[in-house]
Structure formats: C-alpha cells, structure tokens
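Enquirer: Below are the chains, spelled out letter by letter.
Protein chains: 2
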Amino acid sequence: MKNLSRRDVLGPLGIAAGSCMLSSCLSGNETPAADQAKASDRPWTYHELDPDITAARAYDDHAKGHCMYGVFSSVITQLSEEYGEPYRSFPVGMMHYGGGGTGSSGSLCGALNGSAALIGLFVQEEEEMKQLVAEMFLWYEQTLLPTYSPATPGLDVEIPKSISNSILCHASATFWCKVAGHKTSSKPRKERCRRLTADTARKTVHILNSYHHDRFAPLHQSTEEVKECQSCHTKGSEKENSKGTMSCGSCHFSPTDTHPPIDETSG
Amino acid sequence: MKNLSRRDVLGPLGIAAGSCMLSSCLSGNETPAADQAKASDRPWTYHELDPDITAARAYDDHAKGHCMYGVFSSVITQLSEEYGEPYRSFPVGMMHYGGGGTGSSGSLCGALNGSAALIGLFVQEEEEMKQLVAEMFLWYEQTLLPTYSPATPGLDVEIPKSISNSILCHASATFWCKVAGHKTSSKPRKERCRRLTADTARKTVHILNSYHHDRFAPLHQSTEEVKECQSCHTKGSEKENSKGTMSCGSCHFSPTDTHPPIDETSG
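Protein chains in written order, with this note's numbering: chain V, 1 to 267; chain Y, 1001 to 1267.
Be aware that one or more of the hints could be misleading.
[Said to hold, decoys possible] Residues on chain V that point at chain Y, a partial pick, calculated with CB under 7 Å:
{"hint": "1", "residue": "GLY101"}
{"hint": "2", "residue": "GLY106"}
{"hint": "3", "residue": "VAL133"}
{"hint": "4", "residue": "THR174"}
{"hint": "5", "residue": "PHE175"}
{"hint": "6", "residue": "GLY181"}
{"hint": "7", "residue": "LYS183"}
{"hint": "8", "residue": "LYS235"}
{"hint": "9", "residue": "GLU240"}
{"hint": "10", "residue": "GLY244"}
{"hint": "11", "residue": "THR245"}
{"hint": "12", "residue": "MET246"}
Derived from the structure by calculation, the hints contain no laboratory data. A virtual CB, placed ideally from N, CA and C, is assigned to each residue, including glycine.
Full structure from sequences and hints, please.
Expert: What follows is the structure in structure tokens.
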C-alpha cells in the first residue's frame, strides 16, 4: 500500500485545491474549465484520527442524519475543525440520502456507504480503494455487532449482537431482529443501527489510519460458502453469470430451502 | 413538492457557502467550528440542465470512473463550468468508489448511488428526497434498459435491453446477461452498464428539473409482488421483520423454487 501522506500532496492535491479556493475568491471563473475540474478531482489528504472519538461522534451524528451521514460526518467534521478547508466546505448534509439503505430502499447499509465514500475521498488508487472497501464490507458481514457502548445512550436498553451475514440494510436489520426478538420498526432496532454506525466509523478510521501509515493489511476474506458459489458463477468460472463479493446465502435461500407455504387465504 | 429555487437559498445556502469560501481565503480558521459545519451542511442550488446533454456526458464520464462517477460527474461538471463555485470544488473523483456496486461488491448499482447522491445534494427535505430516490429506483427496476444510443459508441455492437427487476449491481447485470447471452465480464456487458449510466443520468436530471419547477410527480410504484411480500413482512404487518422497498423476487427465489441440484463431485 502506498502512503498518501508521503505523496507529493502539495502538488496534485494541496496546491491544486488551495489555488482553486483562492481563484474562486480572487478571480471568479477565469481558470479554464478543464483545469477547474482537475483541481477538485483529486483525493483529499487524510490526517490520523482517534477511532474511539470518531465512534462517539458518529453515534451523536447519527441522530442528526442517520447512518451514512453519521459515519461520513464523524470524520469530515473532525478534520474540518482541526484543519479547515477543504473539509469545511464539504456539503456533509447530502449524506442523509444513505439512510435506510439509500432513500429507505433497504439496499446497501448506509453506514457502509458512508465508509466507502470516505475511502473514495482519501484513496485514489483503484485497487487499493477496493481492498479497503472489501475489508470494511467483510468485517461488517462477519462480525458480532454492535459492540459500541455509548456513554449517554439514546435508548438505555440491552442491545443484543448479531452477525449480519449481509451488507444490505434490510437483511442486516432482519437478522438482528430475529436474534433480538424485536420488530424492524422498533426503538431497539433503531438504537442497534445507531451503535452499528459508531462501530463502522471506528473501523473506517482504523483502516484509514493504517493505510495512512503504510500498515494496512486485510483481516477478513470471503467465506467458504461464497467461494463455493463463485466457483460456478463468477469471472473465469463455467457460468460466469454473476459478479461481486457479497455474501450469497443471506439473500438467496439455501440451495435446499424453500419459502414456507403461503396461506392463500391470509392475503 | 417545494421548489428549491424559490427558497431563500441566498440565506441558508448561497451566502453561507460564499462566505465560507471567502473566509477560508481571507481569514483561515477564525470562523467558529460550529458555524463552519453549518455553512457547508446545506443543500446546494440546482440549475436546470438538458437531459440529453447530461446523458452524453455521463456516457463519456463513465469511461473515466465507472457508473457512480459517470452520473455524479455529468451533473456537477456542467454546473461547475456554468456557475463555478461551490460545484467546482466538489471532489468528484471520490465517486469512483461506487463502481461495480460499491467497491466491486455487487451491491447497490453505482449509477443509482450517484443519482441518489445528487438528490441528497440538491433536496433537503427528507420525505421529498426519499420520493425522488424511490422514483429513480423503481424506474430502474421496471424499465427496459439501456435505451441510450451513443453518437460515438465505445463498443459498436447491438446492446439488448432488459428489465433488471433489481437495484443491485450483480442481479441487474446477471439478468441482462441472461437476456443478452453474454458473460458478466464481457465487453458488451460493460458497454451495457456504460449506456445504463447515461440513461440514469438523464432520468436524474429529468426528475431534478421537474422538482426544481414544482412539477415532480412519481411515475412508478411498487409491483403487486412486492406489495404481497410487504403485506406480511413490513412495518405494521404481522411479522414486521423487514424494511425497504426493493424488489424481492430478484434475490429471494420464488416461494416455490429451489436451487438446481449441486453436483458434489464438480466442486
């Protein structure tokens, strides 16, 4: 892994971003359009953050804009307060959109979307970016969560842990509800997602810190189940009719399972 | 729907963003931290764009950073060239992260993630934001795509259309491959996603334009199949063990289907 902090960030990133801000104040639109796009289209410099402070902030920020906002804001607002621009001008409020698996659709967990957005912001090299995102996603699928314990809980009840086995909001929430015995719209489920947001922010900062110091090494890999599915379905296989790294069994029924009989009279 | 253009955008948005840029150049970090966060944490002003020009730009931009980048960049770079800041300083390059369903995980289609990010940037009111995202997602699930025909194709072959029945990258791609008779890693599949990115950018600008002019009205709704699933599983139902609006049948097998027998000797 390359170390962003050792790159010539004051060349392609620092000076470019600085001059863009300056030119916008002093000379309006006189910079050619091609140069303008180039100035902003760079990764931003990451500065090491404290994972526990980040988790606490994400827990608080979740209450202002849900999961994606909580994770993204927890990092950017710390950098903004410490370093000012360009972090200060990032329209963090846009990240509300990731709530409930993006616009409440139930798809990609918003906390993970916020984490991946941060990785996209700070890591330019594509394969490295994908490795960091993969580590986040596999950690989320395979870890007993949430582990975060707030100093001042929004809801002061015991929050059980579950292994989501999925990066999708609705599947992750459903598995937790099964373990915890709560409904998906219940207050404990919402508190679980708030604590999960804190966990995801902490893990994000853990891996960004290690990437920043050239120490990043993935701790998770695909399960044997996923590898078995991929052996028939992914690139280079016989069928080659699917792509991706998501856990399979949490959405697709097990090969031998069927849906319970639907009572035609109940609907 | 409220019209953002008629709001007092020069109060909470325009002046705030402008003064933030100015203060960063003239006075460094002297603005209090709380005010700094507030200045950037607002929706940005949308200006009407031409859907066809946007589609063509998204098709071109896809080649520079995949699907999420293609959609997001097609809108922001047009606004940047026409209006300068704050669009010019947005780090558009971060949106590379959405490629392949986010870091190649195969989850949420990156084109849709880019579309939803734009909606999050331009629409503040949460229920309105969710309605616009829902319209995008249902359109994507239910429409024969791609329809975009590039003036200068990256790959000059016939690209069949399919109804994805899913907002997930890997499911959407797999269904298209089944219809088209191509592998998921083939050049025609990549060209299909590039054209789909153009379609998604066009549709995004269509609905942002109509929202901007107080004319937004959703054209799509959940299918009967989804409504049937929701009648048992979503908020207020008997089980209340799931949430979201995604199409169900594209991931979960049909209630009566099973996976074909797995040949134990082949793996």
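Enquirer: Indicate, hint by hint, whether the structure satisfies it.
Expert: Against the structure, the hints:
1. Given the 7 Å rule on beta carbons, the hint for GLY101 (chain V) holds: about 6 Å separates it from the nearest Cβ of chain Y.
2. With 7 Å as the threshold, the beta carbon of GLY106 (chain V) comes within range of chain Y, its nearest partner Cβ sitting at about 2 Å, so the hint holds.
3. A distance limit of 7 Å between C-beta atoms decides the matter here; for VAL133 (chain V) the minimum to chain Y is near 3 Å, and the interface restraint holds.
4. The closest approach between the C-beta of THR174 (chain V) and any C-beta of chain Y is roughly 5 Å, which is under the 7 Å cut-off, so the hint is satisfied.
5. Contact between PHE175 (chain V) and chain Y, as hinted, is not supported at the beta carbon level, the nearest pair being about 10 Å apart and thus beyond 7 Å.
6. With a cut of 7 Å, the hint placing GLY181 (chain V) at the interface with chain Y is violated, because the nearest CB-to-CB distance is about 11 Å.
7. At about 4 Å, the closest approach between the beta carbon of LYS183 (chain V) and any beta carbon in chain Y falls short of 7 Å, and the interface hint on this residue holds.
8. Among the interface hints, the one on LYS235 (chain V) holds; its C-beta lies about 5 Å from the nearest C-beta in chain Y, closer than the 7 Å criterion.
9. Checking GLU240 (chain V) against chain Y: minimum C-beta separation of about 4 Å stays under 7 Å; hint holds.
10. Given the 7 Å rule on beta carbons, the hint for GLY244 (chain V) holds: about 2 Å separates it from the nearest Cβ of chain Y.
11. With a cut of 7 Å, the hint placing THR245 (chain V) at the interface with chain Y holds, because the nearest CB-to-CB distance is about 5 Å.
12. Because the smallest distance between the Cβ of MET246 (chain V) and any Cβ of chain Y comes to about 5 Å, under 7 Å, the interface hint for this residue holds.
Figure legend: structure checked against the earlier numbered hints; hints not met, in rising order: 5, 6.
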